[in-house]
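Q: Listed here are the chains, written in short residue letters.
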Amino acid sequence: MTQQDTQTPLIDLRDISISFGGIKAVDQASVDLFPGEVVALLGHNGAGKSTLIKILSGAYKRDAGDIYVRGEKATIANPRDAKDYGIETIYQTLALADNVDAAANLFLGRELLTRWGTLDDVGMEAEARKVMGRLNPNFQRFKDPVKQLSGGQRQSVAIARAILFNARILIMDEPTAALGPQETAQVGELIKQLKKDGIGIFLISHDIEDVFDLADRVAVMKNGQMVGSAKTGDVTKDEVLGMIILGKCPPGAIPGPGAIQE
Amino acid sequence: MASPNLEHLSDDARAGPVSRFLKATEIDSRLLGMIGALVLIWIGFHLYGGIVNGFAAFITPRNLWNLSVQTSSIGIMATGMVLVIVTRHIDLSVGSILGFAAMMMAVTQVNILPEFLGLGHPAIWIIAIAVGLLVGMLVGAFHGWLIAYLGIPAFIVTLGGLLVWRGATFLTTRGETIAPLDSTFALLGGGPYGAVGSTWSWILGVVACVGIVFMLLSGRKQRKRFQFPLRPVWADTFLGVVGCGAVLGFVMLVNSYPWPRGIVRQYAAANNIEVPDGGLFISHGFAIPVLILILVGLAMTFLTTRTRFGRYVFAIGGNPEAAELAGINTRWVTVKIFALMGFLCGLSAVVASARLNSASGNLGTLDELYVIAAAVIGGTSFAGGIGTIYGAILGAVVMQSLQAGMVLIGFDAAVQQIVVGSVLVVAVWVDTIYRKRAQ
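So the sequence lines, in the order shown, correspond to chains F and V.
Okay, so the first sequence: first residue is 1 according to the numbering used here, each after it adds one.
Okay, so the second sequence: first residue is 1 according to the numbering used here, each after it adds one.
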């Protein structure tokens, strides 16, 4: 076990590897996440962040490595397994079914049923109105297919879906990519709120300002390998950029296998 | 300069009472368009027959009753094709599955069961149907497995199936036709004895009306409970009146088509009834295959709109990746869709072979094209995620109306094919324009 004895990590990914057609997309990457903590995963396009996260959310099957959830070894073979562990994901593509309405998307795969085993559409819409009222009070288009919603509205549907089922671990892959400044600020507020509730969050972002604003720790990947991780207080923005671009690990960070040996 | 003015005017009118009316009643404007097209087709054939041939026979109880029976087989399969196309697949093998299932049923009830149970045993038709449904479902499930788990495109799997099952059908009896079938089984195809008569038709009609009113009322109650916006009372009343009116009108239609004189005489002689001088008026009432189609339509509508399975089908069609990420077992759903399609082919096989009272090697040939056309004319989109059961059934009625109408006014087969093919392409073109505008 690691030396953090205060708590067991909510999530502990150990030596995860996956390759696609001979290319190692993720190579022996390890990262952990504690309750109430935001860990930002950084790196260039193709560095392996999204792939690593998709292994955790069950979308990809890893070739090697172990996933521990609250200290116990977890078997995550598909998205359903991940959800059973309380791991919810907001994908970069949002992963919404465009042709059905917001409530149907929120409950996709976990529909509420009536006594007779039929879909409880009214009940689901009522729940949807509740959660959307919290996230985006202006949202009123519950009957429209989500295809007809704006980028920001679609994003809030995707976020609402992730927090609807009392997630313990939240994965956010570029959650503010489609949002304007005001909505981005709203997501920031939401993240702080969720942190307070003890939810652990993996945040993937390109925006270094955002990351320093929201994250407790950063973990940087390059070419599928972990360059290193650091508390945001221990490193500067320039040092983190150096990790992303050059793979150089500054003194304040714990180096990983991907760090340049000097 | 007149035309832009006119357009402007019609735009204004659309934004006025008509669109407000559609919004309040929540009627799909596509549905209205299809019903409008259907009415035009009917009136067109009727007038053409009257003017050119001096014999207007389309809008008569007899023709419409026959039309309803002829629609059944294609309509039943079209409801399943909706799910297949909604999930971005295709099934080219439905006609061959129908032929194969029909042949299996025919062999079961004519060649196998009578040996063990004796000819005319009351269980024969039930066992035969069970065999047909099971054969259809297994073939469909097998196709679904090849598509979902082996990753072979549906087009290829079912193209192969089209040939394989047609070949298997001919091979079973070396090309012979099996006839006649079990007498009870044959009733399921319609005909004077295969219809429920006027009393039962009225009973079913009234039950349907009660159902419509109940659904409208319970819908209101549900919305009230959660304080969602209600439809205006007049809109609900309008829907109720139109719905019940349509049902009762249909009942009156099928009841106004009497048995032919020969059948009446035969029936009277068998039951010792005196036939009065003016002849006896015995109504057909609903044909059994039509009732089967209605039942299938209701069940499939329920399945697609009220169950998890239906929700998953549409979600997969809208975004397969999202459905997978949401934890839906998309492969297993695909297998179920094709199994259901096969099951419905089996049911259609019952209707089609019972109607002809025989099973031949080429029963159901080219049905796949009519079934796909019915679904597509009914608004099912090849881009996936969009389609309705009632649309597909209406589409089947449109296809069959064209066919029957052209036969009635004496177009020859070559012209019929040209017209049906053109209508299909034009219908989808119109639909594409409609969708672009709606966005």
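Simulated from the structure, these hints should not be mistaken for lab results.
Heads up, the beta-carbon is just placed ideally off N, CA and C, and yes, glycines get one too.
Any given hint could be a false lead.
[Claimed, not checked] Listed below are the simulated EDC-like cross-link pairs for lysine to aspartate or glutamate, each with C-alpha atoms no more than 16 Å apart in a straight line:
(1) 143(F) with 324(V)
(2) 221(V) with 72(F)
(3) 224(V) with 144(F)
(4) 23(V) with 120(F)
(5) 221(V) with 144(F)
[What the hints assert, rightly or not] Label-pair restraints from in silico Cβ distances:
(6) 45(F) with 36(V): 51 to 61 Å
(7) 153(V) with 81(F): 55 to 65 Å
(8) 22(V) with 93(F): 52 to 62 Å
(9) 429(V) with 81(F): 29 to 39 Å
(10) 44(F) with 160(V): 38 to 48 Å
(11) 120(V) with 81(F): 49 to 59 Å
(12) 93(F) with 122(V): 42 to 52 Å
(13) 137(F) with 88(V): 35 to 45 Å
(14) 133(F) with 153(V): 36 to 46 Å
(15) 81(F) with 111(V): 32 to 42 Å
(16) 415(V) with 81(F): 30 to 40 Å
[Said to hold, decoys possible] Stretch by stretch, here's where chain V covers chain F in the computed footprint (C-beta under 8 Å, at least three residues):
(17) 107-114
(18) 163-175
(19) 207-221
Q: If a hint holds in the structure, say so; if it does not, say that too.
A: Quick rundown of the hints versus the structure:
no. : hint                           : verdict
1   : 143(F) with 324(V)             : violated (23 Å)
2   : 221(V) with 72(F)              : violated (48 Å)
3   : 224(V) with 144(F)             : violated (20 Å)
4   : 23(V) with 120(F)              : violated (24 Å)
5   : 221(V) with 144(F)             : violated (22 Å)
6   : 45(F) with 36(V): 51 to 61 Å   : holds (52 Å)
7   : 153(V) with 81(F): 55 to 65 Å  : violated (29 Å)
8   : 22(V) with 93(F): 52 to 62 Å   : violated (34 Å)
9   : 429(V) with 81(F): 29 to 39 Å  : violated (46 Å)
10  : 44(F) with 160(V): 38 to 48 Å  : holds (46 Å)
11  : 120(V) with 81(F): 49 to 59 Å  : holds (56 Å)
12  : 93(F) with 122(V): 42 to 52 Å  : violated (59 Å)
13  : 137(F) with 88(V): 35 to 45 Å  : holds (36 Å)
14  : 133(F) with 153(V): 36 to 46 Å : holds (44 Å)
15  : 81(F) with 111(V): 32 to 42 Å  : violated (51 Å)
16  : 415(V) with 81(F): 30 to 40 Å  : violated (59 Å)
17  : 107-114                        : holds (count 5)
18  : 163-175                        : violated (count 0)
19  : 207-221                        : violated (count 0)
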